[in-house]
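Numbering that gives the first Met the number 0 numbers the first residue of the sequence shown as 0 and each following residue consecutively.
Nothing false has been slipped in among the hints.
When the alpha-carbon atoms are kept at most 25 Å apart in a straight line, the in silico SDA-like pairs for lysine to any residue are as follows: (1) Lys119 - Pro69; (2) Lys541 - Glu479; (3) Lys427 - Gly349; (4) Lys381 - Asp292; (5) Lys145 - Leu118; (6) Lys263 - Thr461.
Quick list of the computed label-pair ranges, beta carbon to beta carbon: (7) Asp146 - Glu264: 42 to 50 Å; (8) Asp51 - Ser207: 46 to 54 Å; (9) Lys201 - Met568: 13 to 21 Å; (10) Gly557 - Ser256: 49 to 57 Å; (11) Lys581 - Ile41: 28 to 36 Å.
What the hints contain is simulated information worked out from the structure, not anything from laboratory work. Every residue, glycine too, gets a C-beta built ideally from N, C-alpha and C.
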Amino acid sequence: MKTLIIAEKPDMGRNIAAAIEPKAKNFRTYLEGDRYIITWAIGHLVELAEPDAYDEKYKKWNINDLPIIPDTFKLVPNRKTRDQLKVIAQLAKRSNLLINSCDAGREGQHIFSLIQRHLKLRQPVKRLWISDLTPETIRRGFAELKDGAEFENLTKAARARSEADWLIGMNGSRAFTTKHNVLISVGRVQTPVLALVYDRQKQIEAFSSLKYFDVEGHFAQSETSYKGIWQGERITDQKKAEQLAQKIRGKQGRIASYEVKDTKEFPFRLYDLTLLQREANSRYGFSAKKTLDLAQALYEKHKVISYPRTNSNYVTEQNIPEMHKALQALQGTAYDEFVRGADRSLVHKGNRFVCNPAKVEDHHAILPTNRKAKGLSADEQKLYDLIVRRFLSQFYPAAEYKLHTVMTEVEKERFKTTVKELRKIGWKAIYADQKKEKTRGARNANKEDEEKEEIEVSEPFTLNRDEAVHCADALVKEKETQPPKHFTEGTLLKAMESAGKQIEDEELRDAMKESGLGTPATRAATIERLKKVGYIEMQGKKILLTQKGRTVIELIRGAGVELLTSPEMTGHWERRLNEISKGTASDDRFMENVKKFATMIVDKVRLQARADKASFESAEGPAKTLGREKSPAKAARAKTTAKKSSAARAAASTATSVIAGCPRPGCSGSIFMGRKGYGCSNYSVGCSFVIWKENHGRMLTDSQVKALIEKGKTGKMKLVRADGTPAEGRLILQNKETGELAIQP
0 MKTLIIAEKP DMGRNIAAAI EPKAKNFRTY LEGDRYIITW AIGHLVELAE
50 PDAYDEKYKK WNINDLPIIP DTFKLVPNRK TRDQLKVIAQ LAKRSNLLIN
100 SCDAGREGQH IFSLIQRHLK LRQPVKRLWI SDLTPETIRR GFAELKDGAE
150 FENLTKAARA RSEADWLIGM NGSRAFTTKH NVLISVGRVQ TPVLALVYDR
200 QKQIEAFSSL KYFDVEGHFA QSETSYKGIW QGERITDQKK AEQLAQKIRG
250 KQGRIASYEV KDTKEFPFRL YDLTLLQREA NSRYGFSAKK TLDLAQALYE
300 KHKVISYPRT NSNYVTEQNI PEMHKALQAL QGTAYDEFVR GADRSLVHKG
350 NRFVCNPAKV EDHHAILPTN RKAKGLSADE QKLYDLIVRR FLSQFYPAAE
400 YKLHTVMTEV EKERFKTTVK ELRKIGWKAI YADQKKEKTR GARNANKEDE
450 EKEEIEVSEP FTLNRDEAVH CADALVKEKE TQPPKHFTEG TLLKAMESAG
500 KQIEDEELRD AMKESGLGTP ATRAATIERL KKVGYIEMQG KKILLTQKGR
550 TVIELIRGAG VELLTSPEMT GHWERRLNEI SKGTASDDRF MENVKKFATM
600 IVDKVRLQAR ADKASFESAE GPAKTLGREK SPAKAARAKT TAKKSSAARA
650 AASTATSVIA GCPRPGCSGS IFMGRKGYGC SNYSVGCSFV IWKENHGRML
700 TDSQVKALIE KGKTGKMKLV RADGTPAEGR LILQNKETGE LAIQP
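My request is simple: use the sequences and hints to build the entire structure.
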């Protein structure tokens, strides 16, 4: 009898075979050597059964048949990969020991557990738990195999997560869908994430912009010139600001106070998956899913980074030698100059900024391996570069600055200046060839009322506090308070990680990681799911809420099941799952609470009045009504097929439904394309701006409307005047309040 190794994916299985059974014979669906048979899953080979597996009546969606709460959940093979499951079943008959070599995490544990349960495999189990796929790590992992029983609690947590999602998703989706006759997808994690987007959208719509004026003084003392911002209550009267500027212009002043202190900026922390996804979205516009897919390829296919699905920014003591080997391996590559400048003594077991075993659970931070990167695609190279530079920065000292804070007084008016003088570049040398790195977690990033006028200089900055200052000029700058920003995938991931709490402090954010929405491995899939069911859409990097997404949240909250939309509540559930995996909480008690909650959802929805079908409609047409589809997933597939069959419909996809921001003064809405015209998203709260599609004898295009809103005019074209006579000229936006257009010859 031989030992059967079950990997999660074919690439991983082949990597394992190459490391421990290099002469294994390839039988396409498995590899066999003298001691081992190596095969693999292809993702989830086994899944939870649909409701009709418990009772035929569930084939038809009926609110009176809810809630559906199985005593024991049934498992069924995934139809697409049933053949591979049969292969594993046959190979298991020839084996007396199983080695679970699926990804070292909750989902990998779940994939193996489902196969084991469905096939009723009784052989003893060992667990391979490794963080990269280099041959050295694989061989060391096999030398240090763990007993499968050690992961029983992780299996319980994985099973509880899967069954909880089934209960909430199946009952919630069927209840709301049948009640309102529109396909509505509800989920334990996806719904509170949608609520985050909804709440942000409501904040943006409720925002009222305020115009104000800054007075900027330009000062000189000997050879030093600098600027300062007037300090006082915000000025909303332009005339008052102009008078203040006139008052100080050309006058002598003094330095009222001058403080200089030394500061240091240490390297940013090593990447976990969520932080990597946020950075890649910010720098390259990669979606969370794309970043995960690229990272997985760098891990599995190229073997140049460690396991990416981690939630830790630290390493353990055992990883320190590996980091030094990886640094050595980067010699002679494009990073050779940085390797030569590295200080190896900075990365050691006592450096708690890098090495903190208490903050490493299943996996350490993402690191490059000691394998040289070859044959990477352009996007793989971009992501690899992010990881390598962040890694290299740990071998460099802090950047050192002198922070100059100056208060200048002219005519009894005070102006503040903050100058950040670079003394030693330190780790920032790693990024000197790129655009300036944004400091993550800047505390004043969203405070419009305190404009951060910090000037960074590389040359020495000196002032004599006892010498007079001349005000060479004073400028009045018109400013406007800004609404909260739309989520991007990067900022939404950050909100998911902290269960919706906008925590800038890194230590506090770390403490919230155990109660975030989803896991690093599942957050990207959640965002993709929200796109797929039509609740959100992308406008560049911005995430916009669709009309259907808005109505769904309002219906759920209106039904009295606000908990289903609560990020913090779902975050607490995720923390409980984490506690189950550690053996400090009961999976049975968790599931009992989930069953009660699923029952409560159904009971509340039964009492709700049916929503008007028009409330789900947006620019792309009416929402899908409940027909003969058996499940939301099938309806989504049908919708996708219909879209592919119509080029015209594809051209009018949601990606182009938002044209521009509303130009009406004081309105922060967005202009959407409707059936007859381009209107504002704030129409429901009184915005009357609209540009009709048919205008002056033309059917306007999206680009022409965008030009009207952003530039105030179109290019020249043939038009028709109000009296019916032909004309040639440009259309101009004559009235920003109403959207009225006129012809300009």
